[in-house]
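2 protein chains.
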Amino acid sequence: MPLVSERGQNAPLSPFRKLAPLAEKAKAAGKKVYHLNIGQPDIPTPPSALEAVRRSDKTILEYSPAEGYLSYRQKLTAYFRKFEVETHPDDIIVTTGASEALLLAFLACLNPGDEVIAPEPFYANYNGFALMAGIHIRPITCNIEDGFDLPPVEAIEAAVGPRTRGVLITNPNNPTGSFYSKESLEALADVVKRHDLFLFADEVYREFCFDGQEFYSVLRLQSIRDHVLVVDSISKRFSACGARVGAIIAFNPAILEAINRFAKLRLSPPGFGQILAEAALEMDDAYLDEVKEEYDRRRKTVFNRLRKMPGVISYLPGGAFYCFTRLPIDDAEIFCRWLLESFEYQGATLMISPGQGFYASPGLGQQEVRLAFVLNTADLEKAMDCLENALATYPGRKEAEIKAAKAGATAL
Amino acid sequence: MPLVSERGQNAPLSPFRKLAPLAEKAKAAGKKVYHLNIGQPDIPTPPSALEAVRRSDKTILEYSPAEGYLSYRQKLTAYFRKFEVETHPDDIIVTTGASEALLLAFLACLNPGDEVIAPEPFYANYNGFALMAGIHIRPITCNIEDGFDLPPVEAIEAAVGPRTRGVLITNPNNPTGSFYSKESLEALADVVKRHDLFLFADEVYREFCFDGQEFYSVLRLQSIRDHVLVVDSISKRFSACGARVGAIIAFNPAILEAINRFAKLRLSPPGFGQILAEAALEMDDAYLDEVKEEYDRRRKTVFNRLRKMPGVISYLPGGAFYCFTRLPIDDAEIFCRWLLESFEYQGATLMISPGQGFYASPGLGQQEVRLAFVLNTADLEKAMDCLENALATYPGRKEAEIKAAKAGATAL
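Protein chains in written order, with the working numbering: chain A, 1120 to 1531; chain B, 1120 to 1531.
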């Protein structure tokens, strides 16, 4: 019997894969489980976008162009103007979600054995795309004390090695919800330029920036125009994860040419998804404004609860819909399992993602968890009731840390 | 400015990429262009399947499970029973087309530098997926004289080297339309077993087998049950290329586990595509029977015309909707270009794929072209009129070969 490949054996498992069957078991036993573990929004997909698919008069669902329908790419150029980014449809290659976008970006820009620097914690699946492309991610560790802000450029520069070919950032960030300022990005651009690196920027949460902060795309960094590749997706902003529509945006013709070659190999991104995506861009701002307000309420709800929990260290995330919180516990994986297997408060519990899977450096994230704000505020309050009670009764709680920590969450 | 990767520069271009702008130019100049170059069927997608998408009452287009909707996988198990293949839904992982299926299969089973043996000519994009996975395809050359049948097992066995880990076949075949018999496949299974290889089988054209031949899936080869991976897609059988729905079928739990890890990384196959695919499997046989009859008429139309063209060597393909024909010409790439740039018959010309791109061995395919039967018989007749006239007037035609060749096409 032939053996599967090393990469097949080593491909990382999802941080909550082991927890999923436990959640099913808890539900089967009649427990209510609040899912704060996944990035699947509960917000309705724009009805007019779904309606566009229903009204489609296609009789042959043909391949779209490999780079995506021109009409959709044209609408995307108009969309990016909202963020003061000027693009041409030829700068955009439509992909099957942000996942494919990042994989193609890695393949086009990096040779096997090359390295990209990424602030950690980072979206766990980046490790998998790196494995698929045969490249390495070199982490630089962020700190919860400043809400996991982009590390100082000195730290990034110190990580540049002989095989370093790029930097990978997520802004606003998953899993931390941190938001990178124009100034930090400009400083990063200097490093990118100085070391002739690629800058891969996952900007899928750009619509969700709070407290009046203005999102600043790396596509605006004129000095590194030929270095940047932006990864996009409609999954989160239009709550359309199943459409599988993303994009890569770049200005460097050689990058676009290389990505186009890979895009042509897989023939076409999904047809109906593009119809939906195009219709979503025809809406006025009301939908996104409302969604953003909803996420804003949710992050405040979670923040206000976390700050009152003894020994919890957290912060008010500036973007996206996640928070990466430190708990007074022995081990996040054990705690998350315990929540599903052994804990119950008023007939309910919660499922959250243990922090370890979001770090590349071994040993980190053991007391941290990611919370995704994909429930309405009423349910979030109940989930926070569960968390508060769980922390009070968890056998592995760390009394010393609870005493040491004073306040809890802080508004940065 | 950072340089793109070697693989980004080396990713193979489509065999007709250079021709596409010439076709556009010809059309702009008022010439009718018969497209026999692409695998995009002109057959309508099943109306009931499109209707299922229109009737969908989803309000949140969420991620499907990474392995695909269970309801669709259940219907696929029923579908495979038609081919005497017993599967369980857990043996099936739904993918974003056959393209992703093959890439994930390579990643899961092969390490960088490993080698798979494939009969050539083969689907040109296999080279690209191999490049993406960092593996090599070792070609064994088939012969037009026997309609590009599977080479004898001795030839396959002779190609097994120290890094050989698999065999890749396409049955029925793109680009040749050849059909592999149960006996050839059983002989192949012995080699696969003896050398402990994987057998990757692209069976997306299984519905289109002619002359009463019964399709025999490698999933029926009991002796190599743990070695086989079948690649599937609804693109061709339901004329739904833009749905981007394929699948991998395997029985070996280690293979399924490895593929599942990669599938989870990219989160989910397209949602609407799966709804369409599921509805297509609810139809009775009438749609596919009719499509098959149509392709049967088309292959006979082309065959009957090719056999009368002096110096043309061809055959009646047993499956799929392609024919790989040898023409009395100097160079297929030059000829295909000339067809678009300099030739016209009754205001029309045709676009076909030069043979070279379907070979991995250098120098082969220079006089061969792939014809795709994606036009109705009336248009195919007109396209054959063009081809006949083109061969009579092409400046690079080979008089000696026209005289040497007697009949032309043969029914095998």
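Treat the hints as calculated values from the structure; they're not laboratory data. Computed from a prediction, not measured in an experiment: that's the story for all the values here. Do not take every clue at face value.
When chains are identical, the list treats them as one kind, so a pair holds in a single copy or across two.
Cut-off 30 Å, straight-line C-alpha distance, at most; resulting in silico cross-link-like pairs (DSS-like, lysine-lysine) [stated by the list, open to error]:
#, residue 1, residue 2
1, K1501, K1137
2, K1177, K1194
3, K1177, K1150
4, K1312, K1177
5, K1146, K1194
6, K1137, K1177
7, K1194, K1301
Cross-check of the supplied hints:
1. K1501 with K1137: within (24 Å within a copy, 61 Å between copies)
2. K1177 with K1194: Close inside one copy (20 Å) and across copies (25 Å); limit 30 Å.
3. K1177 with K1150: Only across copies: K1177 and K1150 sit 26 Å apart there, 45 Å inside one copy, limit 30 Å.
4. K1312 with K1177: Neither. Shortest intra-copy (46 Å) and inter-copy (46 Å) distances fail the 30 Å Cα cut-off.
5. K1146 with K1194: Answer is between: at 27 Å across copies they meet the 30 Å cutoff, but 43 Å inside does not.
6. K1137 with K1177: between (42 Å within a copy, 29 Å between copies)
7. K1194 with K1301: For K1194 and K1301, the Cα distance is within 30 Å only inside one copy (25 Å; across copies 51 Å).
In summary, the structure is inconsistent with hint 4 from the numbered list given earlier, while agreeing with all the others.
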